[in-house]
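Could you fit the two chains together into a complex? Lean on the hints.
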Amino acid sequence: MSILTSELPKPVAKPLNGLIKLMNLMITAGGVIMALTFFMVVIVRYGFGGNLFAYEEWLMTVSFWMFFMAAAVASARKEHVNADVLGFLIKNPRIIWWRELAVEIIEIGVLSAVTYWGYLMLQEELASYPMWQTTVALKIPFFVPRLGIFLGFLFMTLFAVLHFYLLLRNGPKWPVREPREIAERVEPEDEASLTQGAAQ
Amino acid sequence: MIIVGSIAILCGLLLLGVSVHLAFGAILLYLAYMGGHDVAGYLPTGHWKMNSVVLLAIPLFIIAGGIMEKGRIAAPLVALAELFIGHIKGGLAAATVLASGVFGSISGSANATLTCIGGIMMPHLRKANYPQGQSAALIVSAAPLGLLIPPSASHILYAWVAQQSVLRAFLSTVIPGLILITLLIIVNQIMLRKHKDIKLAERPENFNFEFKKRGLKAFPALMMPVIILGGIYGGVMTPTEAAGVAVVYAIPVAIYIYRGLTWKTFRETVLNSGITIGVVMAMIFMVLIVSRFLIFEDIPAIAEEFVYSVSDDPIMILLMVNLVMIIIGMLMDDISGILLSTPLLLPIVQGVGMDPIHFAAVLGVNLGMANITPPTAPLLYLGSKVTDTSVDKMLKPTLMFIIFAWLPTLILTTFIPQMALFVPNLLLN
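Chains as they are written, first to last, in the working numbering: chain A, 545 to 744; chain B, 58 to 486.
Think of the hints as simulated: they come from the structure by calculation, not from any bench. There could be a bad hint or two in this list.
[Unchecked claim] Keeping only pairs whose Cα atoms sit at most 25 Å apart, straight-line, the calculated BS3-like set for lysine-lysine is: (1) Lys106/B - Lys683/A; (2) Lys450/B - Lys256/B; (3) Lys453/B - Lys184/B; (4) Lys635/A - Lys453/B; (5) Lys146/B - Lys251/B; (6) Lys450/B - Lys253/B; (7) Lys321/B - Lys565/A; (8) Lys146/B - Lys256/B; (9) Lys442/B - Lys184/B; (10) Lys453/B - Lys146/B; (11) Lys554/A - Lys565/A; (12) Lys442/B - Lys635/A; (13) Lys453/B - Lys256/B; (14) Lys450/B - Lys251/B; (15) Lys635/A - Lys450/B.
[Said to hold, decoys possible] Some chain A residues near chain B, calculated using beta-carbon distances under 10 Å: (16) Met610; (17) Val658; (18) Gln667.
Note that beta-carbon positions come from the ideal geometry of N, C-alpha and C, so glycine has one too.
Okay, chain B solo, but in the shape it has when bound (with noise of 0.2 Å):
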């Protein structure tokens, strides 16, 4: 009865359109009312879960994104892609999609990788004529790549709630990744061979100049992944450590080599990021109150009792688990949804012999195919007023992107353990 409620008031007021930290602030008022707990114990509850150290990552991540989105990054990244395979036909629209992959694992949001290469790369595949639509779509579609190259704030939480380590979770997504951003060049260059009128770039006559030219503008940008993954693989930083590093990295690189912020617009910067980890914050406190009076409630056992009845099928309940998975990232944000899955779904999947870690590159494919599948599609959304292309335009390609490239690497992701479980096992045992 408490499951059904519970999942009754979430989905009923998120569709409704109640802010999700509320959402769940209204299921705690639900189990008070059924379960019958002293509601003084809610809020201190979450300040005994949220007062941990390891959880100041993801604020000091959004502070260090959202520097290097305002910093104007993203264009030596952009020109760096362009040079290899701008030349060729479909090669500017790669060059998007890679650009996007380096640009998330540096910003480790997707929001500002679509903003900060959509508002980049969209200009230069119209002046190209790239179909606006498909190219709208690609750049949607590439944009929660963020979520899965790491390093990226998300896998920290997952690590932190479901007690794993946070570079195997960090590289969980590193094949996963590479196999997306594969696809949706591939799907792309399929849905790009009936257009003959394409204009290409010209292939710099002398390459190497060019490419120690560009690399080298793009390289400060390079190196933050670089620091942070390094530092944290080399055991030298806490990944919380690194991402504070990550911070005071960015500042100068932002300020005195891309020109992107002056100290006027940083603090601007840090009070909006602030406000964003403010909305973020407030979601984890109340999601782990919630997800503790759950626990108390026994509704993880409930819940893969519940899946165990449907099939014992290892294949079915994984599948099963993945519908549950899309639903909710397509109800509410990467963050959220890790935090309500994870205690929730962990337990039944571990009971089909699932590693956690391979877990976490599931979760975070469904996750970010989540953010781009209408009717919710918080990207696409966005997407659109980015590209400044109507969402009509862009839902068809969008559909075969997820369908063709989405849909493939979360099967793979799901149902072959070694595409999450190589890199982590290769590096780190």
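Pulled out of the complex, with its shape left as it was, chain A reads as follows (with noise of 0.2 Å):
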């Protein structure tokens, strides 16, 4: 369970720590493909003198999804990379929290939009079938790794989202912009502990 999660209600927060856990799985496993993939194609060209066929129309496909799935659960942990000038200088918690506010309003918007992009570009891939757009030897529809990207992007505004919500309603106490240990602090095994902790 990711801080994210675990401060919202359980309706809520149940299915995004499945949608969380599928997507940490498919990051795990696009990236040990990924690298298995080129070690195999050094191994099968010399070592059987062979090439492993359009490998790369695949590898693609499975990387988009990797990387934008990626993006996503990085706007969940709240890791995307920030100059974040403010932060350091401004001291004033309720300051911080304005500053915030208008922060993840900027990014809900940006993120909308280009939501709404992605949404366009599928729509013409969709209208352009039975010639849409394929890789050259397998044939795999351009459309199959664009929906990843935009599948990223709609993950990406609903954590945006979220986090909005939560900075409402916690107030200026949220901690805001927050590194990974925060983000990871509160796992299973940690929720136990703090539960024991507790009750003591």
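Okay, structure coming up:
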């Protein structure tokens, strides 16, 4: 469970946790597949004098899904890179909160626009079926990686909206722009120890 | 108008704290409004431009770096460096710089270098009475060596954007990296001259035995850059294949040799590296679309015209370009910095006769320096946490390292092309 879902009501948190778990699985599998594929390419070339036929085509499709699911999880964990100069200069929690609110609103606005552009992209792909664009050798429709891109932005928007909701609900006490260790703080094992600690 | 608006939006949003990829997304909104582009073409452009196997080297290097970071490979490297110079005054600090250079070449990441080398060396330095602020500043200042000592993921990106040889780009920062290492050590030695109470490590009685012992332990880690560079240089592998082989090599090394990873933590490491990849690739995706549409708007030519209207003196132009790169590097990470700087600034510097491989080195040094330059300085703040030292204590010595080590390296790299071109020409021509 992430710090995002731990703060949300159970009916919302449960499916979100399932979704994040699935995304985590896709990210891990994508990373392993990517490395093993290139390793195998070298082995097959020098060990067997052959080559993996059109591996780039399916690997790029897998990679796009991995990249954008990972970008979405990074949004849930608030790990996207930001310069945050003001964050270091401002010490007043109320001003920090207002600044964070402004950032969330801008991010939701931009993400909504990008997600809409993603929808237009998919719509265009579907409209051109059966003459839609495919890869050269394996005929993988471009719709497949582009669906991953669209879903990535859709989930980024969803997580940004949830962060915005929590920011409004919790007020200035909500930990804003905290690094990964905070996001990972509420792991299942930790939760158990936290519960025990509270009981004591 | 479009260029001024784009810069204003980018700077304003980045200073406010908007994520880098979304600050670029906001520029796209602005371009759609001002330039009247068809927004349905934005994301397919990103897909087309990013649909390249060469780019997969970046995520693979991130995974390899993540595995090596968690695999406790820093300790044997530090022990080896200490063996040679740990017994002289300032030697432990010099060992820190050398270990950062070697670890940086293995992990290719300034953050990983700072976390691993800083985490190990800071307690050693503190125990030996080295001044805390200065030591922490040295660790931070040496961390970007990972961007300079090959192989470096950011150079792959540069080579891809600028359509240059990856290996030449890698090799362009070897001499600047070595000069920076030397200058950091010298500046630190000078700053240490007033400190009389530094404890020195004892020189081992049997040097050869210790060297064999520590060398053997560090050998598997040191093989990583050899495999990558040897594989590419020997024409055996492409950079992407070398990165894939590096990941597969790093797994047994981290799990069975250095025992820093288990299969369970390996899964977590791949996941965390994967999320870092998501962050980086989302930025690349957005910056690629923005740069494509900025080119549509003829922004590089407008920027070139603007620069030449200020001065047509090559020295002035190179100084201006450096200034712009430092500002870009202070506002964003090295990946976005390269993606934005390359299409905008490469035509300008080529106009004054700079070789694109020379520019790779200038860009690398600039972005490395910007990473530690206040007020943004992401590495400085991370370094403060890793070394448990306040930023206030680190600020003055960091500025000393910037002024007397980083800046001279940058000036030399900018104005003496052979600094960047000698090694690539020697090895590859």
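Which of the numbered hints above does this structure break?
Per hint list: zero violations.
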